[in-house]
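2 protein chains.
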Amino acid sequence: LASEEPPGKKQAAQSSKDELWHPSWVEATGERTIAQRLRAGPQDGEKMKLFTSWFCPFAQRAWIALEEKGVDYSYVEINPYEVDPQLPGGYTKKQLPIEVKKAMYPDFVQSSPRGLVPAVADPNGDKVWESLHVVQYVDERFDHPPFFLPKGDPLKRAHVRIWSDFVTERMQKNFYMLLMDQDPEKQATAKGAFFAECRTFAKAMSTDGPYFLGKEISMVDIALFPFWQRFLWVGGYYRGLVMPDDPEFRRLQSWWEACSERPAFKNTLV
Amino acid sequence: LASEEPPGKKQAAQSSKDELWHPSWVEATGERTIAQRLRAGPQDGEKMKLFTSWFCPFAQRAWIALEEKGVDYSYVEINPYEVDPQLPGGYTKKQLPIEVKKAMYPDFVQSSPRGLVPAVADPNGDKVWESLHVVQYVDERFDHPPFFLPKGDPLKRAHVRIWSDFVTERMQKNFYMLLMDQDPEKQATAKGAFFAECRTFAKAMSTDGPYFLGKEISMVDIALFPFWQRFLWVGGYYRGLVMPDDPEFRRLQSWWEACSERPAFKNTLV
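From first to last, the protein sequence lines stand for chains D and H. Counting in UniProt numbering, the first sequence runs from 1 upward without gaps. Counting in UniProt numbering, the second sequence runs from 1 upward without gaps.
Be aware that a few hints might be false.
Identical copies look the same in the list; a pair holds intra-copy or inter-copy alike.
[What the hints assert, rightly or not] Below, in silico cross-link-like pairs of lysine to any residue (SDA-like), each with a Cα-Cα straight-line distance of 25 Å or less:
1) K102 - F195
2) K266 - P210
3) K93 - D181
4) K69 - M48
5) K69 - G152
6) K203 - P123
7) K127 - D208
8) K127 - T207
9) K156 - Q110
No lab work stands behind these hints: they were computed from the structure. The model shown is predicted, which means the values in this text are computed figures rather than measured ones.
The shape of chain D in the complex, shown without the other chains (with noise of 0.2 Å):
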């Protein structure tokens, strides 16, 4: 999503401003907390670095686990693409060379060897990467509840790391199929797999709500909610997307609009 361009129609979006985003985001508060989280201060050596992209759906995994763990973490925005000043944002979406990104930004390769987002660093030393093992690593680090993996429970445990990989290994990447493919035809066959998907995802919520395990939230609406977001919009803004109208789409609506409303969540949402 953030790396290649969806050929047709325009360039994705190039800041939060841009039109491809919901009205409603424009003042979003993820906007807000990037704002408060950038202020430099005396005190930042002291605090978790997160490093991230605005635009980036992984990233913005790791950016809930910390609002939810309610961590004094500091943003640091990373731009990960070749800049041309000729294009809006100056955004190429050319990935920048491993030994670039190590010359402009020495601490976040030292925290994600393949220089890619998201990566935290803590200021006792640690230094952990990729999305779903950042998000994991601070329920252990900070621990204390929201807990993104039920304690003591290792069923749970283990449905909550699978259907989080689904999202990624099955949701997103149908997805990204139905958004990056110009044959109307495989299209077609891209957003019935996504369905699909998508349905088989809402079987396996709890029937008690409001969140994928129930009462309690868990790593699996981390991993989906930034990816459910860009479903909804830039889905229906490239690819006239709407989701059906049936017991799973409910389902996976209602748990949309729960997640939401949770602080936590919104201020990520940009």
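Based on these hints, arrange chain H on the given structure of chain D.
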């Protein structure tokens, strides 16, 4: 590896007696483990079931985990392929449709919704699938040493997860490209990438060995062992792969020797 045929030369191994496998493995402990675990007993309904295929490196991870924890499990062999009696062993390497698997192996598909090995079913009703998630589940379900993720160490636990994924996503993927590509130039590129990823991995290993983290095994060792076995023998057989002789590959070689001596690992060598 298991599901497609490397083009050229000959078919992949159809049994552990195949010449593809190293002669020392013909009488391997893995075969004895299987024979012992397959023997039905009146108490089998009370045992954890391991759904596996003897040739599958992903399934072997779950198998090692159960052996390491000393679990009294029963071994359930799944042939995920269409059978053609004309072919040696009957293996076509064509995945059966999920409906057929459901009819043939109802218990298995209940434990693994996409019909992929490995999966485990606990007599208490727990069902878990996906290799690394089974390993973590087994670690938490049998809450005693050896621990596959070091207890109470969020950073080390994160790194164990990160480097376990690295095995699958970087080392194994490049090896697979080397194996499947027919163009010698592309094979050379894939081999270079594979060696580079192996060196990156080796540099992340503890220097005081023998295991990835040092004196104690972890999920990383379990994640890599089945693949390293295939890098050595399948790679050697099909592609004349010889591991370089440098500090990184010597570290990996000493790791391989230490793991091969460990009973739980050795018990899965087929």
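Practice prompt. Check each numbered hint from earlier against the structure, then list the numbers of those it violates in ascending order.
Written response: none
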